[in-house]
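Asker: Chains as they are written, first to last, in the working numbering: chain A, 1 to 170; chain B, 1 to 170; chain C, 1 to 170; chain D, 1 to 170.
Errors might be hidden in some of the hints.
Intra- or inter-copy, both count: the list cannot distinguish identical chains.
[Unchecked claim] Derived DSSO-like pairs (lysine-lysine); straight-line CA-CA distance at most 30 Å:
| no. | residue 1 | residue 2 |
| --- | --- | --- |
| 1 | Lys52 | Lys165 |
| 2 | Lys52 | Lys136 |
| 3 | Lys108 | Lys138 |
| 4 | Lys138 | Lys52 |
| 5 | Lys165 | Lys108 |
Please keep in mind that the hints were generated in silico from the structure rather than gathered at the bench.
There are 4 protein chains.
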Amino acid sequence: MKKGINQMIILIHKPYKILPVSLLLFISSLHAQLPNDISYEEALKITLAAQKVAIDTNSTVNIAVVDAGANLKAFIRMDQSFLGSIDVAIKKAKTARYFNMPTGELGKLTQPGGAIYNIELSNGGLVTFPGGIPIKNKNGTIIGAIGVSGGTIEQDHYIATQAVKTILDE
Amino acid sequence: MKKGINQMIILIHKPYKILPVSLLLFISSLHAQLPNDISYEEALKITLAAQKVAIDTNSTVNIAVVDAGANLKAFIRMDQSFLGSIDVAIKKAKTARYFNMPTGELGKLTQPGGAIYNIELSNGGLVTFPGGIPIKNKNGTIIGAIGVSGGTIEQDHYIATQAVKTILDE
Amino acid sequence: MKKGINQMIILIHKPYKILPVSLLLFISSLHAQLPNDISYEEALKITLAAQKVAIDTNSTVNIAVVDAGANLKAFIRMDQSFLGSIDVAIKKAKTARYFNMPTGELGKLTQPGGAIYNIELSNGGLVTFPGGIPIKNKNGTIIGAIGVSGGTIEQDHYIATQAVKTILDE
Amino acid sequence: MKKGINQMIILIHKPYKILPVSLLLFISSLHAQLPNDISYEEALKITLAAQKVAIDTNSTVNIAVVDAGANLKAFIRMDQSFLGSIDVAIKKAKTARYFNMPTGELGKLTQPGGAIYNIELSNGGLVTFPGGIPIKNKNGTIIGAIGVSGGTIEQDHYIATQAVKTILDE
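The whole structure should be built from the sequences, with the hints applied where relevant.
Answerer: See the structure below:
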């Protein structure tokens, strides 16, 4: 730990600032995940990207990322965001992976009279309004999902949509 | 059934590989169930029949069978089927047995303004759209129920309907 | 598998009844799963093998198989087995995958004074006595887990241990 | 922090790649939290520091940070870490904040015959073995808690202890 700090101090006085996260992401990448499941590195990248979009759009949100098995992989809550959105964000991510579609699409089918009315009561509680999106890798395989909650549903959906693109860039 | 056993006995004296399941089903049948409750043999037969119909109709589904006490008896999840359909399939089967009717019939009564609006909130969560069907024996007695989830509600209902017929054949 | 298919084809041209499961397993195998997650075919094979061992050891048990994400993949309950063992079997399978070890091993650490006393209260309820075993593929990768409940803990553990070997045979 | 911001501004005008997180942390810091509650910036810093210590000690862990209200603030799961540790890490963090002490200290009182035997059954499930630690600010006020799960309890406790120090450095 000492050594890491020293290295960082040196770096701060050089023109290249190395943020600890960069180091972590690099080391983390040595633990290779199989191609059909999201890696920690990807989950963190998407989470931080979502937060950046949230700031850009003046939203304060909760952001959750689940893996291919719908298990929580990363989560952050921005200051001042709704406490009630913690669970909503996690449930949006899980719902998007449970049914491999944006939560808003599912919600169109769950209304009174809809094909799957009240499916929200299954799986310990689903959230079927916009803000959850499957995460796909470059091959188009679903490797996880993101859930965003705290802004308007339009903002939440936009943030989620933008964030998942970031792992396709490189 | 008598005929099937004879065929198996013949096969035992031939050099062809006997699938373990045949033997298992035979032996299993020695543990007699009460006539008003589904046997393991019947539950497995219905489950596998449902999967066959699913393949024939290009569906990937989760299939659950519960007994006369609405307790889980058999379950399978086809590869690539929705993770969220595990719980939905089980809840469809339970719901169909809880109220002795197809889940879709119940759903007509649970809409806003309906006679039993939001009954889905009882019993730890019900599912009231199509895909759950009571299982009856040859005497018409309800001995359990099946729940299918993962396709369209029409597919799920069709698969369930076809599968429950298979124990009436012999 | 190739051999088995040939045998089935031969049998199809004979007047002997072909059990649907053989055909289903064949067709199911066309839906390839990724190598780090259990396939439906493997889950069913292990489940039926466990039931066979249960019969051989005069046990009546519940058998659950979960996938790499700890989600239910297959389940059967033998006639006359304990109703209370449905949930125990499922929780044993989940626990074994949650912590990648036999449930009995975990249980040694959860006793009063143990390192992880009362961890059973996490994850919606764990079961930490014998009967749950991780399922590994030929490469030693954990691809799921099995949970068996209904016999003595020695029987449950034995059944689970024998069953998981069956997917390594071919 | 002021200095860091200046450096970042300089870097923006250089051709060196700026990691998004640096900008995010900067902007995030503009949303001031109350002095008695952990900020998002601090939560992320602690979480990433914990992961670094985990790597240094060859552990693969789940890390959760809760705020002063015991609500989830940040969470990450390292690749290959136990799925069962998601909930354990979160419950350790909550437990540490619920009772304002390290979880291991609480565990000494919850054994059979102990003063608060089986308190783990309250609050939807507590975890009372080591790995949860309150987070204090420079004034010694508890502003949240961290929970680490996935290594040995000694490793988990060490990682948590080291990580919470990082927000006292500046």
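Asker: If a hint holds in the structure, say so; if it doesn't, say that too.
Answerer: For each hint, the structure was consulted:
{"no.": "1", "hint": "Lys52 with Lys165", "verdict": "both (13 Å within a copy, 27 Å between copies)"}
{"no.": "2", "hint": "Lys52 with Lys136", "verdict": "both (20 Å within a copy, 27 Å between copies)"}
{"no.": "3", "hint": "Lys108 with Lys138", "verdict": "within (28 Å within a copy, 40 Å between copies)"}
{"no.": "4", "hint": "Lys138 with Lys52", "verdict": "both (22 Å within a copy, 28 Å between copies)"}
{"no.": "5", "hint": "Lys165 with Lys108", "verdict": "within (24 Å within a copy, 33 Å between copies)"}
In this structure, every one of the numbered hints holds.
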